[in-house]
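Colleague: These are the residues of each chain, in order.
Number of protein chains: 2
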Amino acid sequence: MGEFELIRRFFQPLAGRSASSSLILGPGDDCAIQRVPDGRDLVFSVDTLVEGVHFPKAYPSDKLAWRALAAAASDLAAMGAEPVCFTLALTLPCADESWLSAFSRGLFQAAEEFGLALAGGDTTRGPLVVTLQVHGVVPKGQGLHRNGAKNGDLVCVSGCLGDAGAALEYLAEPDPTQDMQAVLQRYHQPLPRLALGQQLSGVASAAIDISDGLAADLEHILEASGVGASIRAEAIPLSPALVRLTGDQAVDYALRSGDDYELCVTLPPAGWQALPSDIRQQLSVIGSIEPEPGLRIQGWQGTADQHGFDHFRSMS
Amino acid sequence: MGEFELIRRFFQPLAGRSASSSLILGPGDDCAIQRVPDGRDLVFSVDTLVEGVHFPKAYPSDKLAWRALAAAASDLAAMGAEPVCFTLALTLPCADESWLSAFSRGLFQAAEEFGLALAGGDTTRGPLVVTLQVHGVVPKGQGLHRNGAKNGDLVCVSGCLGDAGAALEYLAEPDPTQDMQAVLQRYHQPLPRLALGQQLSGVASAAIDISDGLAADLEHILEASGVGASIRAEAIPLSPALVRLTGDQAVDYALRSGDDYELCVTLPPAGWQALPSDIRQQLSVIGSIEPEPGLRIQGWQGTADQHGFDHFRSMS
Chain A
20 MGEFELIRRF FQPLAGRSAS SSLILGPGDD CAIQRVPDGR DLVFSVDTLV EGVHFPKAYP
80 SDKLAWRALA AAASDLAAMG AEPVCFTLAL TLPCADESWL SAFSRGLFQA AEEFGLALAG
140 GDTTRGPLVV TLQVHGVVPK GQGLHRNGAK NGDLVCVSGC LGDAGAALEY LAEPDPTQDM
200 QAVLQRYHQP LPRLALGQQL SGVASAAIDI SDGLAADLEH ILEASGVGAS IRAEAIPLSP
260 ALVRLTGDQA VDYALRSGDD YELCVTLPPA GWQALPSDIR QQLSVIGSIE PEPGLRIQGW
320 QGTADQHGFD HFRSMS
Chain B
20 MGEFELIRRF FQPLAGRSAS SSLILGPGDD CAIQRVPDGR DLVFSVDTLV EGVHFPKAYP
80 SDKLAWRALA AAASDLAAMG AEPVCFTLAL TLPCADESWL SAFSRGLFQA AEEFGLALAG
140 GDTTRGPLVV TLQVHGVVPK GQGLHRNGAK NGDLVCVSGC LGDAGAALEY LAEPDPTQDM
200 QAVLQRYHQP LPRLALGQQL SGVASAAIDI SDGLAADLEH ILEASGVGAS IRAEAIPLSP
260 ALVRLTGDQA VDYALRSGDD YELCVTLPPA GWQALPSDIR QQLSVIGSIE PEPGLRIQGW
320 QGTADQHGFD HFRSMS
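Same order as they appear, the protein sequences are chains A and B. Residue numbers for the first sequence follow this note's numbering, so the first one is 20 and each next one is one higher. Residue numbers for the second sequence follow this note's numbering, so the first one is 20 and each next one is one higher.
FYI, nobody ran anything at the bench for these hints, they're computed from the structure. Hints may be right or wrong, so weigh each one.
To be verified - A partial selection of chain B residues facing chain A, derived with a Cβ cut-off under 10 Å:
#, residue
1, G47
2, D141
3, T143
4, G162
5, H164
6, I227
Glycine is no exception: its CB is placed at the ideal position from the N, C-alpha and C atoms.
With the rest of the complex left out, here is chain A (with noise of 0.2 Å):
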């Protein structure tokens, strides 16, 4: 199979059934055409899995595409961004046909629940590596960053932590319990906070996606804002199925685990009353900007290091 024929089997279909209108050209020139509308700002993001690093060996392509896909969308929610389109480029070792059918079921699946359509690509034969562009809008200047924590702001996340990191424990596990299913599922097809995100464009004061655990992602907060925090331990949301399977533990996935892709962000104490309940309902306080820098966590005895995932960290 050749490239052309590749992408005209696989990935075509996938393009003309989840157009967007204001996907001009789609896959198949030279390059993708989108329209951005008169007072509205492009916001994108490029995120990269490799296999073995981001997801494990053999891991199946249909999720693989959902959690690609779900990764580079949180960047979108964290920016109060409507998504629009993306691009996938696609490196392969083979061109396996039920590898390749299971991978584009996937990410149709994925794009039409984010509300994203496909505009181009680029497909290569190598090691396994998938990086995916996604494209949103924003009214103009009204893009959520992470520099604008101020002092008195509350510190606020969305759904509950540390699922999908403890996972990675139970992925080769022949025969799941129910709690191991729950965080199981979080891992495998997560769910960025797009509506979510676009109702606090305006509000929240900083935003960040969870991607390397709350410690990490809040630190990025905390040093582009100038600002530090106190968070407390027992306020960070978790789970039943994960205080059941890791106990005492539950908190240090929480803090140091990413791929949950929740959002983190500060507000005003104003504007958090002023949010309509059920957004409210949709997020925890969890304690609060200071203009002491640093992150300090209340009733968490952790003394490790509090970063998530880096991939170069362990380098020379």
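For this one, chain A is given, so just place chain B on it according to the hints.
Modeller: Chain B in isolation, oriented as in the chain A frame:
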């Protein structure tokens, strides 16, 4: 060296030095933000280069960076787009400082030459794979497409073809002659036709950049346009160096080998006549569009596969 340290040292300076007024937010947040002016459409393309497939093992990283950005920028040229910015997804086996330093230098030189600002990226650990996505803008509805070639249009190409393909024979040459150096330069440091592409916007009926060889790329135009073409082998522009080095094979290199990143365009005879002479001087008329599908090459004895480089063609 951690991932963030690596970005800070080798890529943040590049971002600062090549800033574009259209790039509202560059690297360092969850997404980058680009402002697309009213009356313009965004055009974008993604390209991947894999070690051992698109470039040899131990290929110098400054040249790799230039070639990767040139290959991607060439797609902007083929759309007649004005370059704006790009993202870099870089997968690396290790964070080697001298490799990264040269890569960053080559990338900056190319970015400055092509008018592209670094908007964001992702660095990960893995086999050496470089994925670049370039962004440009065109006046609304004015992007050059592949599908507009009409019966009677002239077929033109820019520059000379085949040099980069022939250069592959001399990559390991310890003491290259002047002619070898000339074709090697075309391979190591291709110059996408960005200005020419913009000048042909609104004039050419179809356009493509020659990345897979003239025969394969012109066939993309023919298929997309539902037409055929007849071209004359003797009219294909060849550099004196290529002719001296490869003799009768020079036309084969021009037809079959890619990496030259010249443009192939079609345009009505009246459009050709109306072009300013400085633009006509950059183009050679090599044939014309005909109703009968397929590509006919007059005065060429080649009978083997006329197609260019296809990364999956040899696979099952």
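Colleague: Now look at each hint and say whether the structure bears it out.
Modeller: Each hint, compared with the structure:
no., hint, result
1, G47, "7 Å, holds"
2, D141, "5 Å, holds"
3, T143, "5 Å, holds"
4, G162, "5 Å, holds"
5, H164, "6 Å, holds"
6, I227, "6 Å, holds"
Of the numbered hints stated above, none is contradicted by the structure.
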